[in-house]
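S.K.: Sequence:
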Amino acid sequence: MRDLLLVSVFFPMLPFAFMYPWIGILVWSWISYMNPHRLTFGFAYDMPLGMIAALTTLAGFLFSRERKRLPRAPEVILLLAMWAWVTITSFFAIHTDLAWDKWQQVGKILLMALATMMLCRDAGRLRYLAWTIAASLGFYGVKSGIDAILSGFSGGFSYPGDSFIGDSNDLALALDMTLPLLWFMVRAETRRWARYALHIAFGLTVLGILTTYSRGGFIGLCVVLIFLFTRARAKALSLGVLLLAGVLAAFVVPETFFSRIGTIASYEQDQSAQARLKAWTLATQIALDSPIFGGGFRVFEQDVWDQYFPGTERAIVAHSIYFQTLAEHGFVGLGIFAALLVATYLGLRRVRRRATDTDQTIVANLAAALQASLVGYMVAGAFLSRADFDLFYSVVAMSAAMQAILASLPGREGESAASRPDATVGVDTVRPMSGSPR
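Following the numbering used here, the numbering of the sequence shown begins with 7 at its first residue and continues without gaps.
Don't read these hints as lab results, they were simulated from the structure. Just so you know, even glycine gets a beta-carbon here, dropped at the ideal spot from N, CA and C.
Computed spacing ranges between beta-carbons, pair by pair:
#1 HIS205 to ASP9: 30 to 40 Å
#2 ALA281 to LEU10: 38 to 48 Å
#3 GLY130 to ARG197: 14 to 24 Å
#4 ALA238 to LYS114: 35 to 45 Å
#5 ASP103 to LEU10: 37 to 47 Å
#6 ALA238 to GLY172: 25 to 35 Å
#7 ARG356 to GLY158: 39 to 49 Å
#8 LEU294 to THR196: 48 to 58 Å
Can you make the complete structure from the sequences, with help from the hints?
M.R.: Here is the structure:
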């Protein structure tokens, strides 16, 4: 039944994805982040719906009259540089076959990020994209929160298998980055009942993060909530709500959760923390042995562990986006990756300030939300091996797209949008493929 429902919804979307490729970005994002086919039990489970959506979107974009021009933003240059560099390091990888397999996966993510930059270059399209991502991942936030209440915070993994989220730590990271998008939806919503529903979804998602028992996810949650508090309109009310939520959590969340979080301070006695430190040491040694190219994708395999730490029983991953990038792509790769993080954050800050000055409320609020998502990624990602996390590159793409939007607005000196080289399509303008109905 689920299989039939899914295909009856998905395949009728494809003609629209072809005629209006920006809608294809929404369809691809829905499939990529929600993975609805992994919730089925029959023929739809293994269907390559993401690939079908991506190919349809790219084909429609190729034949459409959409502007095929990347935004003029530092993120674009750094993203292309990162793609080029991981291609080079794959030639020198320790595990060549594994590296090229991973390179293909990363390449698909980067390609769709570039397509997003070109296709979602007005406020309306970006708003729909943010809603699509928030709803897709928010579904699992709400589900995890409800499961936490019903199970007494026994912990668990409320995300389907065989997907881009591999465990509870990945889920915590994704939900950390989703919370600001739910906050954006609250601020953009005018209907009272919808705002109430979104507030409930926000609260349940917080509970969902806690029930993952992820220490990195918990630290990321704290940072995201603090960041959102600094952007809140009614700070006194927001502070009261946070304090009340903290008091309630102290009574509802079981002692096992606080015991696990408490190991953050006593990492010397925690085996998991010690293994993480050992992985960071290995990453550093790999980079020192090959400072330019690193070890390539998938370097943290058993043979490498045996080479540097003989007697290691089980290979583990880097447990940090920074040490992962350092080990896989050397100091050059880490520099590009760090520059991409910084450039995206600064770009979003410029967008937020400029959008506020020009009364672009949707863009300003979305930029603030994406800043919080990025901060959550940088903090929680310090303890997770997700340098290739899809949602991060969606944030990068939306940052570049918003800079293109603001570049098309009249400047402070009075220049017209038409005189700017990066003028974008207006919010009411949709460019279908040639010959399609308007």
